[in-house]
Amino acid sequence: MSQSTSAVATDTHAEHHEELSFLYKYILPIDHKIIAMQYIFTGMIMAIVGGYFAYAFRMQLAFPGDLVPLYGLVGPGEYNMLVTNHGTIMIFWVAMPVLIAGFGNYLIPLMIGCDDMVFPRLNRLSYQIFLVSALVLILSFFVKGGGFGGAWTAYPPLSSVAEYSLTDWGASLWLLAVALEFISFLLGGINFVTTAMNARAPGMKMLDIPIAVWFIVVAVILFMASVGPLVAGAVMLFMDQRVGTTFFLPSAGGDPLLWEHLFWFFGHPEVYVVLLPTMGIVAEIITVFSRKKLFGYRTVLYTAFATGGLSFVVWAHHQFIAGIDPRMANVFTVTTVLISIPLAEMMFSYIATLYGGSIELKTPMLWALSFLAAFLIGGVTGIYLGASAMDVYFHDSYFVLAHFHYTFFPITIIGMFAALTYWFPKMFGRMMNETLGKIHFWGTFIPFNCIFLPLFFLGLAGQHRRIYNYDHFPDLATQELQDIRVFATYSLIVMIFFQLIFVYNFFHSMFKGEKATENPWKSNTLEWTTLSPPPHGNFKVLPTVYRGPYEYSVPGRDEDYWPQNEAPKKS
Amino acid sequence: MKNISSQSVLLTTSEIPLYAANKRSKPPVSNGVIGMLIFLVTEAMFFAALISAHMVIRAGLTEWPPWGQPRLAIETTALNSLVLLVSALLMGYSRRLLQQDKISSGRRWFGISILFGIFFLLSQGYEWVQLLEFGLTLSSSVYGGLFYLIIGAHAFHVIGALSVLIYAWNRLGSSKNPITPEAVFPLQILWYFVVCIWPVLYVLVYLS
Ligand code: HEM
Ligand SMILES: [Cu+2]
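Keeping their order, the protein sequence lines are chains A and B. Each residue of the first sequence is one higher than the one before, counting from 122 in the numbering used here. Each residue of the second sequence is one higher than the one before, counting from 397 in the numbering used here.
If you're looking for bench data, these hints aren't it; they were derived computationally from the structure. There could be a bad hint or two in this list.
[Said to hold, decoys possible] In the DSS-like style, the derived pairs of lysine-lysine whose C-alpha atoms are separated by at most 27 Å in a straight line are: (1) A:690 to A:661; (2) A:661 to B:422; (3) A:326 to B:422; (4) A:483 to A:559; (5) A:643 to A:414; (6) A:636 to A:661.
[To be verified] Stretch by stretch, here's where chain B covers chain A in the computed footprint (C-beta under 8 Å, at least three residues): (7) 206–217; (8) 297–311; (9) 389–399; (10) 671–677.
None of the values given here were measured: they were computed from a predicted structure. For each residue, glycine too, the CB sits at the ideal point set by N, CA and C.
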């Protein structure tokens, strides 16, 4: 990004002609693309931390009591700290920053055809707060007593009383980090919605907005509407920890169930907050690589609205056996089963999009298709859990754990790889290596299933979550069950090794890959109409939009795609 | 960097003059207003959670307020609430004047509205001092905890809103670094929100 950038920037933005210094370009940028990279790279680094934790506790489960190579001994407290922070990191410091903040920042201005976010400085501030939150979380691992170990759901009184949690400062810093992170995404979210509403290219009507942008916006709105209660709960929990209030302490008039409600009122919408961006990314990819129009654009959009709306009334399915009124459990069973209807409809639309298309199995497409397959298993098992009669037995077992890993892994990891491999040419101006990409894909997807499919069976066999050593439970310490645990752990190690291929491919292609054209995938959306990588200010001439984003294989045209900004021929 | 527009209140402006540069039509609702409204959705949910926390905890206890805890100053606070409501009305009046481009009188009423807000804050603070003396503290009971949590959360918002309003008031009149009435509008919306949520909290915490 040197000469061409400044040349283009000169004639688009008369006022931005100076070459920014390194400090302002990369450390304190206001350019949405650089901020996006900051988020994505920070998220990927945090993914390494989260993956390392997973490695450590999976080794402990397979070989209880042994020293874990490259980690050390995993005792009970240590184990709790590892699983707690693994979950927290993967959801709040990987899924959210990469999928929403990272790709949201990168894609929204480019896909709607404007030069930057409408509040660029707010955007920069948002990343800075996010970075501080990540540092606070990492700091919390090193204070006296170690990192917080009360599960990512932080149920009190375990999380609120230092004598119970044994991590006096670890618990508070953990909470502080989460709260800071929310503030950061709040600022980012304000920016995203406002930009998508007010800065669209001329001619881009509501129903011409690419699904990826729509879904990020819907996700952000869900987030904004659900996070307030969790922030309130976090403040109360923090006060319980540090200033001696008793909001969640039953012995002094408080109510621990209240926290669960506040947490899950946020927690359930949150799963759709991370799901929708990936769903949007996948919509872009499957239309491009099957050269077909998205089946039922409006249906897909409305199902997202319906899912978003319903997601606010299902939260208590996480609390069926927490002592809530059984009549309430019935209500929440019904709403939970209801929410799978729009979601299933969305899946069917995607599958119908693929039907009869000329499918090209490029790496991004492999990721997108594997997302659909894996998420299907996650969604279907969710319906089992939503039935309170069954959940009474499944709750807090490895069945739940397998369920949500079949949702979260596809969303976070597969979604991230899908997006990275698809937009890599745009982001870095070079192509990734296809062969290595495919090896990495299979080396990730097969082990993923080998890790998590067996866990469903462990759950059905009665294996409870959050236990550091099953040797203490004779019924669960049998050889067959232990074999499954060892198999899952070995699969994880295989998967970790295959990630090295990705790292190599990523950095090698970034500098040495084949140069990418403006539109290597022959796609319609606006980000592909500018240079790869786009200059500061994004477009040479800001585009005007004439049609929706999914006009592929339109009869009567020579080409099988039709960019959104291509002016119609005058007849 | 030097050409980034002079207005730098985070939410009030877009620093890159997108519309001017690209001849796009001005959007019907300004960026600042949309941004503020989205922010207020979160805020509303935040207060809704505090309100439901109050109701849930209260429903679990038989004695309310608990034995030995001081009673709250219902009448003084009612008067005080009036002051706050008047402040919002004055803010609305100043908005009208500003819209008619009567900057100096608009700014005057803007300032008076801020003064009413400050009065509210100070007299609430005085009430807190008294309550603390009477033995109502954060940890004296869950009743005290809820009182300081909810009223404190509101006070925190009052302080925050007043600070940005004072900042905006200052720039409205400055000749070096002025700010347009449009840029101030989102902050005025914030003030309306902070005022309008108060009666709900008053009824919940003081009267029920
Ligand atoms: C059709 C959609 C879904 C349904 C019906 C559903 C249903 C459920 C139910 C009933 C539980 C509670 C199980 C228990 O704790 O006993 C649960 C747990 C969970 N689900 Fe889902 N789910 C769905 C989709 C998702 C998605 C899309 C995600 C993530 C992106 C997700 C993530 C989770 C997580 C993280 C938990 C466990 C939380 C914990 O206890 O730590 N679910 N799901
Ligand atoms: Cu849920």
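Against the structure, the hints:
Distance check on the hinted pair: residue 690 of chain A and residue 661 of chain A sit about 22 Å apart at the alpha-carbon level, within 27 Å; holds. The straight-line distance between the Cα atoms of residue 661 of chain A and residue 422 of chain B is roughly 21 Å, inside the 27 Å bound, and the hint therefore holds. For a cut-off of 27 Å, the pair hint linking residue 326 of chain A to residue 422 of chain B stands: about 15 Å separates their Cα positions. A C-alpha spacing of about 8 Å is found between residue 483 of chain A and residue 559 of chain A, which places the hinted pair at or below 27 Å, so the restraint holds.
Pair hint residue 643 of chain A plus residue 414 of chain A holds up; C-alpha atoms about 14 Å apart against a cutoff of 27 Å. A threshold of 27 Å between alpha carbons decides the hint, and for residue 636 of chain A with residue 661 of chain A the separation of about 20 Å falls inside it, so the pair holds. Residues of the stretch 206–217 of chain A lying with their CB closer than 8 Å to a CB of chain B number 0, which falls below the three-residue condition for coverage. Closer than 8 Å: that is the beta-carbon criterion, and the stretch 297–311 of chain A has 3 residues meeting it against chain B, so the requirement of 3 holds.
Judged by the Cβ-Cβ criterion of 8 Å, the stretch 389–399 of chain A is not covered by chain B as claimed, because only 0 of its residues qualify and three are needed. Residues of the stretch 671–677 of chain A lying with their CB closer than 8 Å to a CB of chain B number 0, which falls below the three-residue condition for coverage.
The structure fails hints 7, 9 and 10 (numbered hints given earlier, in ascending order).
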